[in-house]
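Keeping the supplied structure of chain A fixed, place chain B upon it in accordance with the hints.
Protein chains: 2
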Amino acid sequence: MSVLYIQEQGSHIAASDGRIIVDASGTVTSIPSETLESIVIFGRVQLNESAVKLCLKNGIAVTWLSSKGEYFGRLESTSHTNILKQRSQFKAQMNEEFNLALAKIVLSAKIKNQAVIVRRYNKNTHDEELYATMNEMMHLRKNIEEASDLSQLIGYEGIASKKYFRALSQILKEDFKFESRTRQPPKDGFNSLLSFGYTLLFYEIYTTIVNSGLNPYAGFIHQDRTNHPTLVSDMMEEWRAVIIDSMVLNAISRNMFKQEDFITDEQTGGVYLKNEMIRKFVTQYENKVKSSHHYLSYLSTPMSFRRSIYHQISSLVHVFKEKDPGLYKPVLIR
Amino acid sequence: MSVLYIQEQGSHIAASDGRIIVDASGTVTSIPSETLESIVIFGRVQLNESAVKLCLKNGIAVTWLSSKGEYFGRLESTSHTNILKQRSQFKAQMNEEFNLALAKIVLSAKIKNQAVIVRRYNKNTHDEELYATMNEMMHLRKNIEEASDLSQLIGYEGIASKKYFRALSQILKEDFKFESRTRQPPKDGFNSLLSFGYTLLFYEIYTTIVNSGLNPYAGFIHQDRTNHPTLVSDMMEEWRAVIIDSMVLNAISRNMFKQEDFITDEQTGGVYLKNEMIRKFVTQYENKVKSSHHYLSYLSTPMSFRRSIYHQISSLVHVFKEKDPGLYKPVLIR
Numbered sequence: 001m002s003v004l005y006i007q008e009q010g011s012h013i014a015a016s017d018g019r020i021i022v023d024a025s026g027t028v029t030s031i032p033s034e035t036l037e038s039i040v041i042f043g044r045v046q047l048n049e050s051a052v053k054l055c056l057k058n059g060i061a062v063t064w065l066s067s068k069g070e071y072f073g074r075l076e077s078t079s080h081t082n083i084l085k086q087r088s089q090f091k092a093q094m095n096e097e098f099n100l101a102l103a104k105i106v107l108s109a110k111i112k113n114q115a116v117i118v119r120r121y122n123k124n125t126h127d128e129e130l131y132a133t134m135n136e137m138m139h140l141r142k143n144i145e146e147a148s149d150l151s152q153l154i155g156y157e158g159i160a161s162k163k164y165f166r167a168l169s170q171i172l173k174e175d176f177k178f179e180s181r182t183r184q185p186p187k188d189g190f191n192s193l194l195s196f197g198y199t200l201l202f203y204e205i206y207t208t209i210v211n212s213g214l215n216p217y218a219g220f221i222h223q224d225r226t227n228h229p230t231l232v233s234d235m236m237e238e239w240r241a242v243i244i245d246s247m248v249l250n251a252i253s254r255n256m257f258k259q260e261d262f263i264t265d266e267q268t269g270g271v272y273l274k275n276e277m278i279r280k281f282v283t284q285y286e287n288k289v290k291s292s293h294h295y296l297s298y299l300s301t302p303m304s305f306r307r308s309i310y311h312q313i314s315s316l317v318h319v320f321k322e323k324d325p326g327l328y329k330p331v332l333i334r
Numbered sequence: 001m002s003v004l005y006i007q008e009q010g011s012h013i014a015a016s017d018g019r020i021i022v023d024a025s026g027t028v029t030s031i032p033s034e035t036l037e038s039i040v041i042f043g044r045v046q047l048n049e050s051a052v053k054l055c056l057k058n059g060i061a062v063t064w065l066s067s068k069g070e071y072f073g074r075l076e077s078t079s080h081t082n083i084l085k086q087r088s089q090f091k092a093q094m095n096e097e098f099n100l101a102l103a104k105i106v107l108s109a110k111i112k113n114q115a116v117i118v119r120r121y122n123k124n125t126h127d128e129e130l131y132a133t134m135n136e137m138m139h140l141r142k143n144i145e146e147a148s149d150l151s152q153l154i155g156y157e158g159i160a161s162k163k164y165f166r167a168l169s170q171i172l173k174e175d176f177k178f179e180s181r182t183r184q185p186p187k188d189g190f191n192s193l194l195s196f197g198y199t200l201l202f203y204e205i206y207t208t209i210v211n212s213g214l215n216p217y218a219g220f221i222h223q224d225r226t227n228h229p230t231l232v233s234d235m236m237e238e239w240r241a242v243i244i245d246s247m248v249l250n251a252i253s254r255n256m257f258k259q260e261d262f263i264t265d266e267q268t269g270g271v272y273l274k275n276e277m278i279r280k281f282v283t284q285y286e287n288k289v290k291s292s293h294h295y296l297s298y299l300s301t302p303m304s305f306r307r308s309i310y311h312q313i314s315s316l317v318h319v320f321k322e323k324d325p326g327l328y329k330p331v332l333i334r
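Protein chains in written order, with the numbering used here: chain A, 1 to 334; chain B, 1 to 334.
Don't read these hints as lab results, they were simulated from the structure. Fair warning: this is a prediction, and the values are worked out from it, not measured in the lab. Ideal placement from N, C-alpha and C gives every residue a C-beta, glycine not left out. Careful, some of the hints might be misleading.
Unchecked claim - Some chain A residues near chain B, calculated using beta-carbon distances under 8 Å:
no., residue
1, 72
2, 77
3, 81
4, 84
Chain A with its partners taken away, still in its complex shape:
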């Protein structure tokens, strides 16, 4: 199953004989709809009525983002709503202990994965400060395991994240160094790349959650917020460093993005990738999520990141049903 990203401004999407036909400035691509899981539209793209119906009938999610990655909404068919799964999701989450235990598993994995990213970059440099940061992060994992409530847990995770991003700034080349993680808007090139990557991952996970029949708004770590799909934020945690951070660090180290690829919005101070570079970034992302790895402890065969996300969400469905957080095995990189 694949995701179709349409970035060419003024493109037209139509459907014919069960195929999705994309006309991007005269270049026409035709894709059999049964291989498509989702379509992500950036900016000014026309989706015609035949395409709307084919997507709705075949349960292909369509997400509209602005060219900067701002979310507008999605086209939703009813083909995946599973009320029984949602009932068990809500029921499991009524138990505070359940939420706390599951949050510990996911956030502990998040910190572990962040620490591994730092370790990989320190393999050759053997920087003492980075060793110290890693130790502190591993210590915070212990605190997390002993936390007595969610707010304490989230507090420890916040401290670990600050340490982690400071370490990343040390690792980065001179022109990509940054003060701290900034969002809405990102204030520098590195944060801008992270934010755009997290947006792509967010809608990847959002679609997977909806297609798995769960309710994306009912989360177990992040506090309930109107209009915010917190379960998606929760399920992002174990993947952020694994997929996006490592991809962005890698792209920068290979000089794929330079400071002149960004523009600054004078009004907000927000820093964004230039339109023509977004395509390059999305290609990187697609290559990454399609690449195989062995990180899921419960599977012996290598598997793409995209497929692994699907497996993790399926496992979450099972965890809610059994009300047993211990059944959740997070992704842990090495």
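Showing chain B alone in chain A's frame:
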């Protein structure tokens, strides 16, 4: 707030300066988006990208139906999802007694409203058989109040509905008489009109439920079914006879629809309104839901049916929050 129905095949919908612009075979209508609650599209209608974005940003629901009223899907923004309301909805519904008590209130009102429809038509005819049917229906209301579980309740409601539809067939003019209520497909003109009317009401209530922040898939009367929004079916019950049945009976008695206005699908035996008559039917429906009445016991001012549906769903939100079915006052016609 209004609902825009687009039935003209080949119409185009665009947006400009915050207005929705409809081009139906050259006739252009412009509607300020802030007055629009929802757009219902029948068949082959083009919604362009500017309109998609305006609808998503302003939380205007867009529903795609075939020209026969078959559901394709909807455009969904996140602007109304309220996870706290959904949590209280799921929590209230975990209690079987709560569901049973609320179902009794709604289904008892349904039967009462059906019986009133029959009584109105018997005011001049004084048919003995219709009197007997009304008495039997009122007796079944008592059974419903004493039912010990949902399946018993639904059983009694089914018997009452059979009696009711038999009475309607008696009331109807010769050429609209029918054997029994048939659906998917409807097998005669009367059933066809009812089905189309119920479809319009269904998406009216669906949109109201979503806009009120509740989960349309989690119902309290009808059993959970994958991909079926059972809460919408539940909340239809008190309105079916009040809005649709009375409207259809009235239209037929005034000769607005004749047997030659229908076509039969030879393959399925399904009977459908001809395309050119659908517009007439939708106009009838709009006139009906915009007309005022005094049927809500908790309000002293007259109010349109559309607004009343909104009030009833808001009241349901409160009932879930308080976990007190007794707070629900159903619509009861006189």
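Was the hint right that residue 84 (chain A) lines chain B, CB cutoff 8 Å? Holds - the Cβ of residue 84 (chain A) comes within 8 Å of chain B, reaching about 6 Å at its closest.
Given hint residue 77 (chain A) near chain B, where the shortest CB pair must fall under 8 Å: Result: holds, 4 Å to nearest chain B Cβ.
Min Cβ distance, residue 81 (chain A) to chain B: is it shorter than 8 Å? Cβ of residue 81 (chain A) sits 5 Å from chain B, so the hint holds.
Once the shortest beta carbon distance from residue 72 (chain A) to chain B is found, is it less than 8 Å? holds (4 Å)
This entry satisfies every hint, going by the numbered hints stated previously.
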